[in-house]
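With the hints as constraints, model all of the structure from the sequences given.
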Amino acid sequence: MADPRFFDRQGPFTLGAILEATEARVAHGTDLNRRLEDVAPLSLADERHLAFLDNPKYTTAFRKSGAGACFVTEALAGEAPRHMVPLVSSAPYLAYARAAHLFYPSIGTAAPVSLASGNIHPSASIGEDCRISPLATIGPGAEIGNRTVIGDGARVGRGVVIGEAGVIHANVTISHAIVGVGVEILPGACIGQEGFGFAPNPPGYITVPQLGRVLIGDNVSIGANTTIDRGAGPDTVIGDDCRIDNLVQIAHNVTLGRGCVLAAQVGISGSTKIGDYVVMGGQVGLAGHLAVASGVTLAARTGVTREIRKPGTYAGFPAVPITEWRTQIAHAKRAAKKRKENDG
Amino acid sequence: MADPRFFDRQGPFTLGAILEATEARVAHGTDLNRRLEDVAPLSLADERHLAFLDNPKYTTAFRKSGAGACFVTEALAGEAPRHMVPLVSSAPYLAYARAAHLFYPSIGTAAPVSLASGNIHPSASIGEDCRISPLATIGPGAEIGNRTVIGDGARVGRGVVIGEAGVIHANVTISHAIVGVGVEILPGACIGQEGFGFAPNPPGYITVPQLGRVLIGDNVSIGANTTIDRGAGPDTVIGDDCRIDNLVQIAHNVTLGRGCVLAAQVGISGSTKIGDYVVMGGQVGLAGHLAVASGVTLAARTGVTREIRKPGTYAGFPAVPITEWRTQIAHAKRAAKKRKENDG
Amino acid sequence: MADPRFFDRQGPFTLGAILEATEARVAHGTDLNRRLEDVAPLSLADERHLAFLDNPKYTTAFRKSGAGACFVTEALAGEAPRHMVPLVSSAPYLAYARAAHLFYPSIGTAAPVSLASGNIHPSASIGEDCRISPLATIGPGAEIGNRTVIGDGARVGRGVVIGEAGVIHANVTISHAIVGVGVEILPGACIGQEGFGFAPNPPGYITVPQLGRVLIGDNVSIGANTTIDRGAGPDTVIGDDCRIDNLVQIAHNVTLGRGCVLAAQVGISGSTKIGDYVVMGGQVGLAGHLAVASGVTLAARTGVTREIRKPGTYAGFPAVPITEWRTQIAHAKRAAKKRKENDG
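Taken in order, these protein sequences are the chains called A, B and C. With my numbering, letter number 327 in the first sequence gets 327, and the count goes up by one each step, no holes. With my numbering, letter number 27 in the second sequence gets 1027, and the count goes up by one each step, no holes. With my numbering, letter number 8 in the third sequence gets 2008, and the count goes up by one each step, no holes.
Relax, there's no trap hidden among the hints.
Just the calculated beta-carbon pair ranges, DEER-fashion:
#, chain 1, residue 1, chain 2, residue 2, range
1, A, 310, B, 1201, 23 to 31 angstroms
2, A, 333, C, 2323, 19 to 27 angstroms
3, B, 1200, A, 3, 30 to 38 angstroms
4, B, 1012, A, 321, 47 to 55 angstroms
Simulated from the structure, these hints should not be mistaken for lab results. Glycine included, each C-beta is placed from N, C-alpha and C at the ideal position.
Structure follows, in structure tokens:
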């Protein structure tokens, strides 16, 4: 499923080869010569694909998945749909990581590297009236839209697409990304690097290949030294008209709707889905795998640990409606005052 | 008002042209041929300048402003001083953004770009005994003081001034800034990029041109990957002897007094004014448009939401004197213990 | 004690010269011609070395130190072991800073600078099958292991060692570091810059030379725009198999054990020691000079202000066992609800 502009796939591999690489088990009589062509997320996979179920939160997606085979624990294997071969493993995420390395063996060394001396790769396509610094790097197959400006030391990786009238400032690094029209990225921002995905493999961990992209809409602005990781399999998505300040962290698979505003130092954990026109004050943090409804405002320093379904303004940690937070604060102040009087 | 070392201005423009671009209205009989030369903040504007009043907090500055014309809502237009032409708009900030784009049409594409192959622009001035990496970029008109060191991949934009004995480490980006003597900037820091300023313009936003600078005093030290945005119109100011750690965010128009110490991951929102020798622990956050008195210490992770007038040590969120915070914490612990006993 | 691969030392200096530079005092009859060869931390110093005691927390280390001489306040000078010459000062840290500048006068200007036009210094050693971008910089004496990849714009400073099969992504800056095998460093990370160390020297501060290194184990992964400062004298240490996400701050002298996992925007203050397999959620903060036991998990946004000796999961600020934190939260919610009912 991975975009071939960014990733080089090996394979197909037989089920037998996959079982050997991953130590997973299948039911007696399963055809071990069946070939699988790729790995894919549960929600996007079809019969050619290998998926995994690790977080029980995604059991519904598992039941509905079109995947041809799927790593899963023994406990949940019975939930597999009839067309799917469950690959039973005590550590499905680890097994998936190993299988993904089989399909994408060079994933770990994809640092943007110019092996030619010129800064623009001959296979890149550059629009009209662009201004591209001779000190920037444009990788193989990249496409730069008309009138786009690329600053000194900016690194645009293989296959990256940047729309018209973009401004990519100095020392930005961008890989594995499709960027819309009129997007500005301030200095030092890092877009499209691998997400924070790894499976325990004692005494250490194994990196789970991050095979998604970053999709950035039109008229988005991204602040200095902000980091946006590419998806793990699904994509990380930034909607049209989003405004993102400096030093913000957006993890893999996060989705921002249209017109969201994120102040500095916000952090959004992996796979969280944000609606349209959500506003976040500085230093807000959100846990992973959550949904936040359109029209929500999060006051500065709010910590979100659960889904937020209703529009409105929230504050505190854990986040509550802001009026409730104000009551909590007032109570804490009064209670402390009273105690001090009693103690004094 | 914008420093011509950094910004290219168009104009002057007639009031008529400005009204056409911004959809603002003036009183019957106003001279539409009157020419305005520039945009400027309320506090710095004179009769040649166009300003705006959006945040009611600045109504006093509006009443005292010398601006020749000013975007303002109908409700506040009556507060305008006699010499000022109020330009009535339901969205004064949006109108200002449009006018500012008229005066500064190229603002959006000011990414530092070297169009020559050499790394030091011929119009830059380099002091004696400097060590400038051949892999750094020094933009047009920049001035580098004696004995200053500029590391590999550092980008020094057009017109930037760096004083004597400075050390600009590798991969720093600096634009729109005037830097004092003996300043050290650690790797990856981004100084002088545009602030987080935009006006709603449904379904998206319009960027408000950021026309100020960053003024950095003498003997300042700035940490790795820290970001300091340039002013929106006023300047962002860092006083002499300030010590700023890594990953700190300083927004547009912030002022730090002399000798302030900011630990890592502090965030200061726009237009907040900090006194002298203010000390902030790690991960402290301050809301915008506040004042903090000289001699204040903010314990790590303090969140400041209101003005602090008295020196002393503060903690918690919202910030309170640290003794009060300790009482709150003690109360919360005891109350939880009691509840647990009652529940148990 | 500083590693000569990274630091150029002057001296030795006589006690007399050191006293003159630092305004410290010694007991009558002390031999002022005694020569000292270097500065060193209390715990590592021997009779050739000059140390300092500033934080009373380290008085035990002072009593046990092998240092030949040590800056110390009058109040604590009596605790010096017999072989040590106490150098009495009202500001021992300031005195140490001045002495360290005597031994390391060029410390302040160590920005990675390539003075040659080639990007790999002739004295660097490059392993087999490396892919090094022609747009990267490899400093004098650096050693790059076999099969390591170095991206565009990456800056590898003087003397840095990077083990086999490493991947250093674009625009990374790394100095004063020894890096293990199989380490991946994502774009924009800054490793090895000077820590946040300075002594008051009114009206400003004097930088305390940071003479340690960053030691990174095998199979470590470091996120985009993360910052890891080198030690002040001791080293900053990252154990094997650690996984560090984006925008994390690790201050000087911090030690991470094996297999720690740090989510995005974590900040660890100076000299804190973390055990093995410690897990930290996003935006966690730890104060300095603390110890955290192996097997501890810190929930997202936890603020640690004291030593944690027992494995388990902690949350809140100040950190408490997570069950206690949940009780606190539940209590705050119920109390606020009750107050609201009473007020309503």
